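Chains as they are written, first to last, in the numbering used here: chain R, 1 to 258; chain D, 259 to 513.
No lab work stands behind these hints, which were simulated from the structure alone.
Stretch-level coverage of chain D by chain R, calculated; a stretch enters the list once three of its residues show a Cβ under 8 Å from a Cβ in chain R:
(1) 330-342
(2) 448-457
Result set (EDC-like, lysine to aspartate or glutamate): computed pairs, CA atoms no more than 20 Å apart in a straight line:
(3) 248/R - 338/D
(4) 73/R - 144/R
(5) 248/R - 406/D
(6) 101/R - 482/D
(7) 101/R - 479/D
On a predicted model such as this, the values are computed, not experimentally measured, just so you know. We treat Cβ as the ideally placed atom computed from N, Cα and C, and that holds for glycine.
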Amino acid sequence: MLYVGALVLLPVASLLRGALGGGLRAFAEVLARPDVLSALVMTAKLTAFAVVVNGTLGTALAFVLVRDRFVGKRLMNALVDVPFALSPVAVGVVLLSLFGKGGLLRPITDALGVEVAFAWPAMAMATAFVTLPFVVREVGPVLEEMGTDQELAAYTLGASPFVTFVRVTLPGIRWGLAYGATLTMARAIGEFGAVLLVSGGVAGQTETATVFVYRALEDRDDRGAYVVATVLALASIGLLLLLDVVRKKRGSRAEAEG
Amino acid sequence: MAAGTYLLLMVALPVATLAREGLSKGLAELGRALFHPVARAAVLLTLETALVMAAVNAVMGTLIAYVLVRYRFPGRKLLDVLIDLPFAIPTLVTGMMIVTLLGPHAALGQLFEAAGLRVVYAPPAIILSLLFVTLPLVVRTVQPVLMELDGADEEAAYTLGASEWTTFRRVTLPAITPAIVSGALQSFARALGEFGSVVVVAGNIPRRTLTAAVHVFGEVESGDVHAASAMSLVLVTISFCVVLVVSARQRGGHG
Numbered sequence: 001m002l003y004v005g006a007l008v009l010l011p012v013a014s015l016l017r018g019a020l021g022g023g024l025r026a027f028a029e030v031l032a033r034p035d036v037l038s039a040l041v042m043t044a045k046l047t048a049f050a051v052v053v054n055g056t057l058g059t060a061l062a063f064v065l066v067r068d069r070f071v072g073k074r075l076m077n078a079l080v081d082v083p084f085a086l087s088p089v090a091v092g093v094v095l096l097s098l099f100g101k102g103g104l105l106r107p108i109t110d111a112l113g114v115e116v117a118f119a120w121p122a123m124a125m126a127t128a129f130v131t132l133p134f135v136v137r138e139v140g141p142v143l144e145e146m147g148t149d150q151e152l153a154a155y156t157l158g159a160s161p162f163v164t165f166v167r168v169t170l171p172g173i174r175w176g177l178a179y180g181a182t183l184t185m186a187r188a189i190g191e192f193g194a195v196l197l198v199s200g201g202v203a204g205q206t207e208t209a210t211v212f213v214y215r216a217l218e219d220r221d222d223r224g225a226y227v228v229a230t231v232l233a234l235a236s237i238g239l240l241l242l243l244d245v246v247r248k249k250r251g252s253r254a255e256a257e258g
Numbered sequence: 259m260a261a262g263t264y265l266l267l268m269v270a271l272p273v274a275t276l277a278r279e280g281l282s283k284g285l286a287e288l289g290r291a292l293f294h295p296v297a298r299a300a301v302l303l304t305l306e307t308a309l310v311m312a313a314v315n316a317v318m319g320t321l322i323a324y325v326l327v328r329y330r331f332p333g334r335k336l337l338d339v340l341i342d343l344p345f346a347i348p349t350l351v352t353g354m355m356i357v358t359l360l361g362p363h364a365a366l367g368q369l370f371e372a373a374g375l376r377v378v379y380a381p382p383a384i385i386l387s388l389l390f391v392t393l394p395l396v397v398r399t400v401q402p403v404l405m406e407l408d409g410a411d412e413e414a415a416y417t418l419g420a421s422e423w424t425t426f427r428r429v430t431l432p433a434i435t436p437a438i439v440s441g442a443l444q445s446f447a448r449a450l451g452e453f454g455s456v457v458v459v460a461g462n463i464p465r466r467t468l469t470a471a472v473h474v475f476g477e478v479e480s481g482d483v484h485a486a487s488a489m490s491l492v493l494v495t496i497s498f499c500v501v502l503v504v505s506a507r508q509r510g511g512h513g
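In isolation and in its complexed conformation, chain D is listed as follows (with noise of 0.2 Å):
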């Protein structure tokens, strides 16, 4: 039973201690340290830029996946290993190396601002450093899914003439749509919490660039763990209940 203490000990206390430490002041400062502007138009950017990255990552890690298990070129095995490197290095990192690369001392960030738009220190950044978190999750949903359609369908849509478009989309697209769902719904829980890599590259400017898990860091920095807290908690129901449609989805063999 040492697991279980184990299993108790580390994840239901802490959520226990979350909800408490929340609703400690009741329902009405609960309310009102989440519809503080600045609290607000943390979780309106953090869905915002959620969902945006959820979209490209549910289109491009499906593309990726297709090319992946479709296709035999030289360095398959390389871009299949490179896929996970994402989840490998630290976030924090990730984000220096957007800096490093598009920010304003960078050559391609200045060709970038010279175009007109700014990427680092503002939401377009934001989107990309969670692209990058997330990159694995769509593929890795996708492709085992891909892999186990033995393509007998497809070759039948073939010789009854459709194209290649023809037949993905009416004959492949229907049957990974669960797969990608998941993938995209995986991503998006994951994006809501993502705080290493934002961090750096957001600039962090309240109401435009601050996302809500900055924004817990800030309450806590400045010694307000209640306010932290709340934030934390509505963080942690939305990314939750997204996990749980998406296991719900699963046992229910739709995933």
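Chain R on its own, in the form it takes in the complex (with noise of 0.2 Å):
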């Protein structure tokens, strides 16, 4: 009890006394800032992506690697944990030598004009790439619960694939589905490490919530480092009590047909 405290709320409760220490006008001051405001965006904009590819296309992969069989599906299987145990930092190293100075698929990028490395390309990727676990993990299991009679029921009734997927599929899964895409949101928000390699950190443009407050920190600006952290700490705490919600939402549908 006392270990939970001393080691979770502890540091919490420095934090919001850090920020809040000049008053809320103060806070909201900071807030308004271009920059702020623009770090807070990017992020926001970062996740959403994030949410929209892996809400996507793990969902797609999930249903590969549940339902079919085919040669290599155990080193798939073991791919798919591959963003866990790889550090943000070594994400953004990759991501530089494949598009940095002199990178591999930089004749490609240049060649097509698109800026990759130290623009939005790359931070995209690299937060996606973090997050790609999270809805593959938790579609998963709940494919593999549901099984595939009341599909195999719907085609015998004459659905299309498509309907199949919308009308039968996508409601079985639908509290997994939500609960990974708060799990990747949660850490899209927060991804530090890979992002920092490959922003470039331009203040105003290409740098997140989180290189902000880095680079606040250095520059000795610790208001608005507080600040943009403190409002990181309350959407990850919002994103908590949302997955308890979820959580019992799936809890109680699994009781119901259980």
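Both chains are sitting in their own frames, so use the hints and assemble them into the complex.
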């Protein structure tokens, strides 16, 4: 009890004290700064990107891993967890050696005229990468448990694969998907190491909220760092509560059907 | 097959790139990058702090899981939710919180300093932030296993006159040990690559408080992508081996 209190609650309390030390008005003033705003918007965009990409492709991946039988499936299954094992800075290093100066894919991106490293595409890739496993790992078990009976019944009744997916499968995996997406959001908001390496850190342009906090700390802009860190912490606490709600929904559903 | 392509592009390609980049100048150069005194000290510090963290986490995580499953008390629900907080809070923010709480300007930090213990910008702060970041791993691995033990064995032990401690040690612990080991291994793997919180609390003095992940960052900043790749490759190899061990244990029905 004491251990959790000391390890978790004390730090959160001290952060809040640092941020609200100058009163609410000062807090709001910092929030309205253009560099702060653009950093928060950047984080929101990257998070949305990660949720959409991993929500769709992650679900597809879970499908393939649960339903299909093919050579190399175990390898593929193991690959899904790689992002969890990879240090965020390593992810940044990979993106730099692919898209940075003299990078492997640099000729292609240069020919296309796209700037990847030190711009939003690399940051989006970094965010999508580190959050890849969540949806797959939450949707997978649900799919497994659901089995294929209902889907086969729908086929027998003449439903097309698309209709079957939308009307039968999707409602079944809904809460698993929601849970995975919420985890993705939480992780994407907090991603720092990988994004820091590839962001180039141009204030007001390619800075995410976490990168902003880091730079603010370096520049001794303590006020800015505290305010943005508090916003991040509050967002994550909000997501945590949301996770708890989703978990209950999912739990009650499983009980009702089990 | 879009899903498979996505996976290949997103996961296999990065790992291959890392390997290629790290080995691009040959094994000798890889060795030189790794046996540089600063790099070697960074790897050692990372392994040491991760090991201490995993040990503390195994004990405290088990204790928390036990309390959460076996006792009913006001605030239990809240505690259960709090356990996941470290997963949700950005690691960089974790680092800031620790500095605010225990840094040289904080009351608690001065208290420790007066007692002769330097916490922030020293290894204890690294261990502390690793503990915070990995707190859920052991708890969440042990908790479901404990919940599944129906308590009949424990009750039998009580009936035969065993104390709570003896029962825990002789009956409960053997049943949950595989889960504890899995959780501790996972937290160890996670800790090796931890960057956001450590970069803020460690002070990052080469050979003393510079961890491997922060070293990678430093090498990138100074433009040496090769050394950065070499070190990343080492980190990735170690954590991936640990993860493989964990999943092999789980598949074997021990987790």
